[in-house]
Every structure is written in structure tokens, then in C-alpha cells.
Amino acid sequence: MSEVDMAVIKPEMMKSYIWLQTADGLIQQVEQEVAMFCPMICHEVIQKDMGSSKNYAISLPQRVNPAMLSLILDYCRFHQVPGRSNKERKSFDEKFIRMDTKRLCELTSAADSLQLKPLVDLTSRALARIIEGKSPEEIREIFHLPDDLTEEEKLEPLKNTTDDPRIRLLNRLYAKKRKELQERQKLKNIEVEEERVDDRSVDDLLSFINGDNGDSKGIKNSKSKKKNRRRKDQQKNTSANEAIKNHNKEPNGLNQVCHSAEVGQKVRAGVGATSNLHDVEDDIFDNKNEPDDGDIDDEIDPALKEKIDREVEDFARRLNSDWPERMQEILSFGHERKPVHFSLNGNGSLRRYANSEQR
Amino acid sequence: MIGEEKVRSEDLNLCFEKLMMVAAGNSGGGVKRKGAVITEWKDIPMELLLRIVSLVDDRTAIVASGVCSGWRDAICLGLTHLCLSWCRKNMNNLVLSLAPKFTKLLTLVLRQENPQLEDTAVETIAKFCHDLQDLDLSKSFKLGDHSLYALAHGCPNLTKLNISGCTSFSDEGLGYLTQFCRKLKILNLCGCVKAATDCALQAIGQNCNMLQSLNLGWCDNVGDLGVMSLAYGCPDLRCLDLCGCVRITDDSVIALANGCLHLRSLGLYYCRNITDRAMYSLAHCRVKNKASIWQSMKGRYDEEGLRSLNISQCTALTPSAVQALCDTFPALHTCSGRHSLVMSGCLNLTSVHCACAVQSHRTLNSILHTAH
Numbered sequence: 001m002s003e004v005d006m007a008v009i010k011p012e013m014m015k016s017y018i019w020l021q022t023a024d025g026l027i028q029q030v031e032q033e034v035a036m037f038c039p040m041i042c043h044e045v046i047q048k049d050m051g052s053s054k055n056y057a058i059s060l061p062q063r064v065n066p067a068m069l070s071l072i073l074d075y076c077r078f079h080q081v082p083g084r085s086n087k088e089r090k091s092f093d094e095k096f097i098r099m100d101t102k103r104l105c106e107l108t109s110a111a112d113s114l115q116l117k118p119l120v121d122l123t124s125r126a127l128a129r130i131i132e133g134k135s136p137e138e139i140r141e142i143f144h145l146p147d148d149l150t151e152e153e154k155l156e157p158l159k160n161t162t163d164d165p166r167i168r169l170l171n172r173l174y175a176k177k178r179k180e181l182q183e184r185q186k187l188k189n190i191e192v193e194e195e196r197v198d199d200r201s202v203d204d205l206l207s208f209i210n211g212d213n214g215d216s217k218g219i220k221n222s223k224s225k226k227k228n229r230r231r232k233d234q235q236k237n238t239s240a241n242e243a244i245k246n247h248n249k250e251p252n253g254l255n256q257v258c259h260s261a262e263v264g265q266k267v268r269a270g271v272g273a274t275s276n277l278h279d280v281e282d283d284i285f286d287n288k289n290e291p292d293d294g295d296i297d298d299e300i301d302p303a304l305k306e307k308i309d310r311e312v313e314d315f316a317r318r319l320n321s322d323w324p325e326r327m328q329e330i331l332s333f334g335h336e337r338k339p340v341h342f343s344l345n346g347n348g349s350l351r352r353y354a355n356s357e358q359r
Numbered sequence: 360m361i362g363e364e365k366v367r368s369e370d371l372n373l374c375f376e377k378l379m380m381v382a383a384g385n386s387g388g389g390v391k392r393k394g395a396v397i398t399e400w401k402d403i404p405m406e407l408l409l410r411i412v413s414l415v416d417d418r419t420a421i422v423a424s425g426v427c428s429g430w431r432d433a434i435c436l437g438l439t440h441l442c443l444s445w446c447r448k449n450m451n452n453l454v455l456s457l458a459p460k461f462t463k464l465l466t467l468v469l470r471q472e473n474p475q476l477e478d479t480a481v482e483t484i485a486k487f488c489h490d491l492q493d494l495d496l497s498k499s500f501k502l503g504d505h506s507l508y509a510l511a512h513g514c515p516n517l518t519k520l521n522i523s524g525c526t527s528f529s530d531e532g533l534g535y536l537t538q539f540c541r542k543l544k545i546l547n548l549c550g551c552v553k554a555a556t557d558c559a560l561q562a563i564g565q566n567c568n569m570l571q572s573l574n575l576g577w578c579d580n581v582g583d584l585g586v587m588s589l590a591y592g593c594p595d596l597r598c599l600d601l602c603g604c605v606r607i608t609d610d611s612v613i614a615l616a617n618g619c620l621h622l623r624s625l626g627l628y629y630c631r632n633i634t635d636r637a638m639y640s641l642a643h644c645r646v647k648n649k650a651s652i653w654q655s656m657k658g659r660y661d662e663e664g665l666r667s668l669n670i671s672q673c674t675a676l677t678p679s680a681v682q683a684l685c686d687t688f689p690a691l692h693t694c695s696g697r698h699s700l701v702m703s704g705c706l707n708l709t710s711v712h713c714a715c716a717v718q719s720h721r722t723l724n725s726i727l728h729t730a731h
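Chains as they are written, first to last, in this note's numbering: chain A, 1 to 359; chain B, 360 to 731.
These are calculated hints, taken from the structure and not from any lab test.
There's no promise every hint is true.
Said to hold, decoys possible - With a Cα cut of at most 35 angstroms, we get these calculated DSBU-like pairs of lysine-lysine: (1) LYS134/A <-> LYS463/B; (2) LYS448/B <-> LYS177/A; (3) LYS647/B <-> LYS542/B; (4) LYS117/A <-> LYS519/B; (5) LYS501/B <-> LYS134/A; (6) LYS102/A <-> LYS87/A; (7) LYS448/B <-> LYS307/A; (8) LYS448/B <-> LYS176/A; (9) LYS542/B <-> LYS486/B; (10) LYS463/B <-> LYS176/A; (11) LYS117/A <-> LYS177/A; (12) LYS134/A <-> LYS486/B; (13) LYS15/A <-> LYS134/A; (14) LYS448/B <-> LYS134/A; (15) LYS463/B <-> LYS117/A; (16) LYS179/A <-> LYS463/B; (17) LYS134/A <-> LYS519/B; (18) LYS177/A <-> LYS647/B; (19) LYS179/A <-> LYS486/B; (20) LYS486/B <-> LYS544/B; (21) LYS463/B <-> LYS102/A; (22) LYS176/A <-> LYS501/B; (23) LYS305/A <-> LYS448/B; (24) LYS519/B <-> LYS179/A; (25) LYS179/A <-> LYS501/B; (26) LYS647/B <-> LYS176/A.
Okay, chain A solo, but in the shape it has when bound (with noise of 0.2 angstroms):
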């Protein structure tokens, strides 16, 4: 039945219709008011005088698929009455937000597509509620983003936008992990002498975490490495853990060297590098192989710190479970690591420990 027929039959209940055509082929038909509400079909109907009838449908953008746009929909539809208060409005949109990221991000991306700036702005500060005040790892988790970032580009902003102890001795454990990375790295190409270069960005990294608490991160290194050192004696020694023991012996020299090598692939150039950073990194080493002597532990007290240990051994089993077999088999000769009770989720295991002041 066409348009005319239509307003021939039931004149009171003729509406303009608008025709919509999503990027899957799907068309539909919607209010005339409603649809108006958007700005670009909006402007398709006045300057281009489309979507008057099927055949002449406009064309969504690709980023409005038929479930957005059906939400879309109803909250011009809501919103183009004149006659409703703030109040009404506004506790609408509170009601309407509520759904899962994956699709507050598609709305907010159709939205955006469609120029509904009412839309955007209210579902941006719904995803800006999201983001707040989590870890890059919480984010990448919450909207399925690629973990694409080298540790180093990685570690830096977590590394100080906080003083969090917790969030201290989890970039410690970075640290250690990127060590063994390294040293890995290394006896693979042991033959390739790389040339040093400046290495002061990973130095920094090392000297930005010890920066205020050399000690400490000295001492608790120095427990473990000790620790290997006695286990290896019993074992067989694999190339990884001579290593490992080559580098408590020589920190300095086998360091540099590993920096360098570590450097020298990485694409990134240096980071912000300063030059007086080195007696700082000494400290750190030298500290290796001293006794754990005098607690100049961060200010935890002992009870925080226990429950800090457990979150560090949890993220550190996380951590652990992302790499290669061989790296475990090493890592299970190479460390003191207790079997911990491993929670089956595999991950968000800090939330489990987080208290509340800490978001």
C-alpha cells in the first residue's frame, strides 16, 4: 500500500515515515520526527532530499548496525518530545546507560557517526566513568584491547602516577620479569656483541621504581637471588639460570650489557633519559648482594605487606602463565615461588585483594 493510499483510507493516523537503510542492506522505516532528531539525516533529507521512500533510503554510516540504531531510535524518540522536564530527561538517560561496554562503546561510536551530540556526550561520560581510576591492564580487559605495548612503553606511566605501595612492588615484578626476559634474550644471541648504546631509558626505569625505595627493592631481589643460588647448586644447571647466576655476580658489567642488547632491539628511541640516574642503579645493585639488613621497608607495616606478598605472588603466577613453557620450567628452578593457591579465573586477582580506598 502506498503512501497515498494510506492517507486516503485513515487521514488522522498519516505520519511521515523517513527510510533508513543500515549498512547490512536492512531497511526500515521510522518517524519522520524521530528520525529528524539526527542531524545527518536530518541534513540527507533536507539538502539532499533523500529517504522519502524505499528506494531512495538513506544510507547509514557503517558504524550504525540495526541493534544501534533501534537504541538510537528510542532515545531520539524520547528526547524530540518537547513537553519533558529536565528531571525526566535526565533520570531517561541514566536508565538508558545502563548496559554492557561492548555496546556503550558501539553507541557510542554510531552516535557519534550519526552527529547525535546529546548522545555522544552523555554515553563518553559513561565510558569516562569506565575508564577512571583503573589500570591499563583493567582497561584492556574491560573493552578487549590489544596488549601491543612493549613492557617498557608499559611500565612508565604506571610506574609514577602513583605512590600505591601495591603498585610499587607490582612494577617491581615487572622488573624482574623484564630481567629474565632480557637475560633470555641474551643467551640467544650470545654470540652478537651489540654495541653499547645509550641504555639510560631502561636504567631510568629501574632508577624511577628505586628512585625513593632503592632498599627495599634491592633487598627483596637480594632474597631471591640468594634463594637460586642455592637451588641451582643442586640441580643441573641450565644456560638460563648460569645466567642468572652470572648476573648476581657481575651486575654491573652483565647489566650493562643486557640493557644494551635489550636496547639495541627495541624500537622505541630513549625515554626523557637523564645521565645522573647511574648512582642511583648502583645502589640497587649493590644492595643485591648484601644481607637483608635494616627494613627500610616503603612504611608497610608488616600485616599490609604480607597481604601485598600474596597480591605480588598471585600477579606474579598471572604473569607467569602468559609465557612460554620453557620461561616456567626456568622460573621453577630459578625461584622460590611457593605453588599458590592459584584461583581458577586467571585474572583481576588484585581486584580480590584491592580495599576500598584504592579506586
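Knowing the structure of chain A, use the given hints to seat chain B on it.
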């Protein structure tokens, strides 16, 4: 590992290119993409991501730049405003690691509660953030002239600079800076006793001709020579704070009255040497310029003139002079609602009133009279 690194950098490039393509093609409407409809966050255009990042606090924005390569590229390309004042311990290191990433910064606030910044950080900023326009380094006690030299070479587009409380800067460094940062409009030197000398002010008057606002609070090395050079060299000056510049005499104010016709706010707190001569010169110049408005000064005449004047503790002033001033500048108020003529500590000036205060007084009186 090497292979992975290579792949990562390729991904990086791809992601970056995708972003640029999207950003370029995203002028409202459909974005042509090869492949399916967007379902992943990483495909959201850069502008959207930046809009969302602009809604969160600075700490989260920094964290967000370390989430994935797409976000990092978007944020590093798009972040223009950053404030690190919430940092209590690691600000120096943070600046060292962030400045090379956020090269498009226009505004950077590094005001500290406890001094953390060192010259290396400022040097890094100057090395990477060449577009910087607004820099706040207040309370950076540890900074020295090296920072100023670095800024001079690295950030020539500075229009707003706040170095109040940076007591280690010298006037040589400041003078050097002004030679290169000629676009400065707002400069805060409050408390920079060593830096704000007549020498430096002469340099400012010579080089920073677009200067509109200058704060010389508590810089007691400032004398008439400096202020006169300033008045001569910076005709666009609108706000000048000379609180605590005890060596200033009437000559400075007269020079300002003649040279800075757009002057809106003047602070003379504790300038004990100021006498009626200064007040009359301000009023006189105003009247003189009003008369000659049809001349070349036409475009430069500021309708309301002085809006705010602080003459607290200027005990040498008499009521007649200040009243004449108040009458000449209608924007100066003593009434409680818009109190802009501040005369604390001048016990002999209590009779000075702005026009509206007198008006209300009269109205009140007339009501009272008719009632009887």
C-alpha cells in the same frame, strides 16, 4: 623476541595509519572501512577517544596512554592540556617520561606543593614540547637558570608563564628568556626577588611588547627605572601588580598612566612612597585621553578605564585625590557588592565613595525625609 618486536612495531604503524585515516575521514558521516562493522573499541575514531579522555582526570589520561598502541598514539597526538600538580613525590620523573610522549601539549601545569622539579625536567619539556603556550612552574624552588635558557630555545610560543616562587632564577636568565619568548602575554613573577630587577624589566619592556598582565608581587628590587621601561615598552599592559614593591615612587605610576592606556588593574599595596601626585596623574591622563578620542588613540581607548585599584597601606594619600580618581573611573567601586577600590589601612580615606555608594545613600536619605 626480536621477531615479536618487529611485528609489534608493524602493528603500531598499521594502527597509527588506521587512526590517521579515520581522523582524516571523520568529518561527519560514514567512515569507509575495509572489513566489518566496528565492534572493537580500538576502531573508535581518535576524536571520540580524545573526547572521552578529556572527561577524565589527568592521572587516568596518563594511564590510558599506556593501555595499547592505538590509545597511546591517539593520546600522544591529541593531548593538549595536562596538569601534574597532584604529584607529591615523583613529578620530576613523571615529567621526564611524559614530555617525550606528549609533544603536542599546549598547556602544562606543574605547580608543586613540595618542590620536586629539577632543571632536567624543564630541559626535557623544552626539548619535546615546542608548541607549549601555557606553562605553570610555580613553587619550583629547585629550578635554576638552566631551565630558563632551555625554555628560551625550546618553547618560543609561550604566551603564559608562571614562575612565581621560583626564587633561584636570576635576572640574566629571565632577560634571556624574554629575548626569545616574545609572545608572552601573561607573566607571573610573584616572589622572584632575584629575577625581577630593573634590568629584567628593561628586557621585558624591550622584547615582550604584547605583554598584558604582569605580577611583580613582593619583588622588592623593582624600582622606578624598571617600571618606566615597562610602561614605555608594553603599551598593551592591562594588569600590573606591584604589591610590596616598596621602592616604587610616583614616577612609576605617572609613566604607567601615560604609557598604558588600557590599564585595568593596578596593585600598589604597601607602596608607601605613592602620593597624591600619582592619583592625580592617573585621573588626568584619563581625562586628557577622553578629550582626544577623535585622534589616533580612538581604537585604543578603553571605555571604562581602571577597574581595580589596590592602594592599601599607602598612607600618604589624601581623600581629595582618591575621590577625584574614583570620580574619573566609573568602574572603581567602594560599594560592598563590587568592591574594587581597596584602601585597607588608609584610615584617612574612609570618606571616599564611588558614585553608586553615594547614590544609594542619597536615595535612602530622601526616603527618610519624605517620610517625615
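Worksheet entry | Non-conforming hints, listed in increasing numerical order | Structure breaks hints 11, 13, 18, 24, 26.
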